[in-house]
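A.B. asks: So the chains spell out like this:
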Amino acid sequence: MLLKVKNLNAGYGFLNVLWDVSLNIGKGEFVALIGPNGAGKSTVMKSISGLLPPKSGTITFDGQVINNQDCAVNCRSGLSYISEELNLFTGMTILENLEMGAQMLEDKNKARENLDFVFELFPRLEERISQYAGTLSGGERKMLAIARGLMSNPTMVLVDEPSLGLAPQVTDEVFNALRLLNRQGLTILLVEQNVTKTLKFSSRAYILEKGKVVLEGPSSELITNDHVRKIYLGT
Amino acid sequence: MNNSRSIKAVEWLKSSGGITVTCTILVALAVSIHKGPYVLVNTLVTGGMWALMAIGVSLLFGVMNISNFAHGEYFMIGSLTAYYIMHPLKEYLLETPNSFLAFITPVLGIAGATLAGVIAGILTDKLIFAQLRKRNREGWLLNCFLITIGLSIILINLHMLIFGNTFKGVVNYWDVPSLALGDVYVSVDRVVVFFIAMLAILFFWYLMMYTTLGKKIRAVAQDENGARMVGIPVNRVYSTTFALACGFAALAGGSLLFMFPSYPTVGIAPLYNSWFIIILVGFGNVAGAVPGGFMIALFQVVTRTYMGEGWENVIPMFLISAILIFKPYGIFETKVRSVWEQ
Ligand SMILES: Nc1ncnc2c1ncn2[C@@H]1O[C@H](COP(=O)(O)OP(=O)(O)O)[C@@H](O)[C@H]1O
Ligand SMILES: [Mg+2]
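So the protein sequences, as listed, match chains A and B. Mapping of the first sequence onto numbering that gives the first Met the number 0: position 27 corresponds to residue 26, and the numbering continues sequentially without gaps. Mapping of the second sequence onto numbering that gives the first Met the number 0: position 187 corresponds to residue 186, and the numbering continues sequentially without gaps.
By construction, these hints were calculated from the structure, which means they are not laboratory data. There may be inaccurate statements among the hints.
[Stated by the list, open to error] Only pairs whose alpha carbons sit at most 20 Å apart, straight line, appear in this in silico DMTMM-like list of lysine to aspartate or glutamate:
id: 1; chain 1: A; residue 1: 199; chain 2: A; residue 2: 160
id: 2; chain 1: B; residue 1: 125; chain 2: A; residue 2: 69
id: 3; chain 1: A; residue 1: 5; chain 2: A; residue 2: 69
id: 4; chain 1: B; residue 1: 133; chain 2: A; residue 2: 69
id: 5; chain 1: A; residue 1: 196; chain 2: A; residue 2: 61
id: 6; chain 1: A; residue 1: 107; chain 2: A; residue 2: 119
The model shown is predicted, which means the values in this text are computed figures rather than measured ones.
Just chain A, same shape as in the assembly (with noise of 0.2 Å):
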């Protein structure tokens, strides 16, 4: 397993929005976390990514506990994540943002490839890269951010709702993205909202609801799930 989740329980200040949650994924996994709105998934996210401590449980990345470590340090050891906020450096150009992203990497030529790389993904980005970032689309906005955290060779990556008020053919060169990046080897985990297509495009998924997991499986067996079928399908 390359990321283990045991137990996890998280939440802001006093009040508790993780319980018990427990998440395995394997190394070159496409697993999508899915739930309604406010069940907690970007505070799952958030817990692993190292932005927002635990309050128990143990979270292991590819072999260490990375419980209470800082994001950089995450960020440092592989495994990168991209926001649903996507953070991005609004003042700085998608160059200066994308070069920030590869900052890590003490090889500049490897940083160079990938900036090559993520200009194949996303032509859109080349063409506008003196643009700043704060006066971008907001469908450029999650390239950006996707593009962003793609910069530093993670060997996983955690995606918080790219699809989240972008139109539909977007959303799809999002997800095409995606599962290309995946089929290159790369570990996803992603949180939806958009169950049809994640459930197309992932191998496996969770299903979170109100700060709990309530079903995992293979996405060819949720998608016939009844109670999937019911809340999230409404068929």
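Mind docking chain B with the ligands on chain A? Use the hints.
C.D. replies: Then chain B with the ligands, alone, in the frame of chain A:
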């Protein structure tokens, strides 16, 4: 293309920033003609240093959301260090003249002052603000405000306790004849100090715009969590920011020792000046601090020349109140940008 650029230039001239800058230049020229060019020289010498002070305060606020009311004390640390390096060397030189040592003494003093400021800045971050960051960030602005006020009082009193309540200054840096620019004589000290300020500003601008370190500082300022997400060691960037800001303040203190001898409260006027500048040009506007520094310096020199000693803090105070009422974002209309407001 050319046309649109000239339209933009005209529009800028008509904006509050343009009007103020133009007026400043006109006033500077008029006063130098009326009272002699020394007004201009004094403005240039102090203005650059006030700009450096303001850049530091602006940087600390922009990157860390700390409004540093102890910034003047780093100026004081700089002037004190420069004094204790230069004074003994100058005493020694009186007995055993040595032209190389005489040349190098002010250089050592100013470099030593800067180094002391850098070290003091790093210590301040590591011992105080890093500890505060480890706890929660609730009430951060108010906490930092109180901490820096307390730090200022402690440092002023430490100076009094250890080094006494006396003026510790040097008369000049280099014992060489003044430079003649036409019929105007300007001491070498002043010229050098002006160039030190310009070089420091240039260094800062290059650092922020083109180096990885500068980009990291900007990244942390724009989005701290974003910076952590790309693996930037945020705590180290904070210490570096403190080192830069306090280093600049101490550089100003060391460089202006011949005009402002070191004493416990020597930092208060420079602190006021940096706040004047920041309110004038807008919070977080680092580039604006440079014209702002010269404007405030000119303003003070002019008030001192025409109204007398002591008025130079009263009149800017009125100006600041007026700006806060009519132009709360400063003359360049900068929006407040900080870590928490992105
Ligand atoms: N910064 C925060 N402070 C306090 N409560 C929060 C914060 N962020 C999220 N919450 C609460 O935690 C719960 C889960 O939020 P979140 O993880 O964002 O859900 P999801 O991503 O599944 O929509 C919600 O009830 C939300 O109100
Ligand atoms: Mg969410």
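A.B. asks: Would you mind marking each hint as holding or not holding in the structure?
C.D. replies: Evaluation of the provided hints:
no. : hint          : result
1   : A:199 - A:160 : holds (16 Å)
2   : B:125 - A:69  : holds (18 Å)
3   : A:5 - A:69    : holds (19 Å)
4   : B:133 - A:69  : holds (12 Å)
5   : A:196 - A:61  : violated (29 Å)
6   : A:107 - A:119 : holds (19 Å)
In this structure, only the earlier hint numbered 5 is contradicted, and the remaining ones agree with it.
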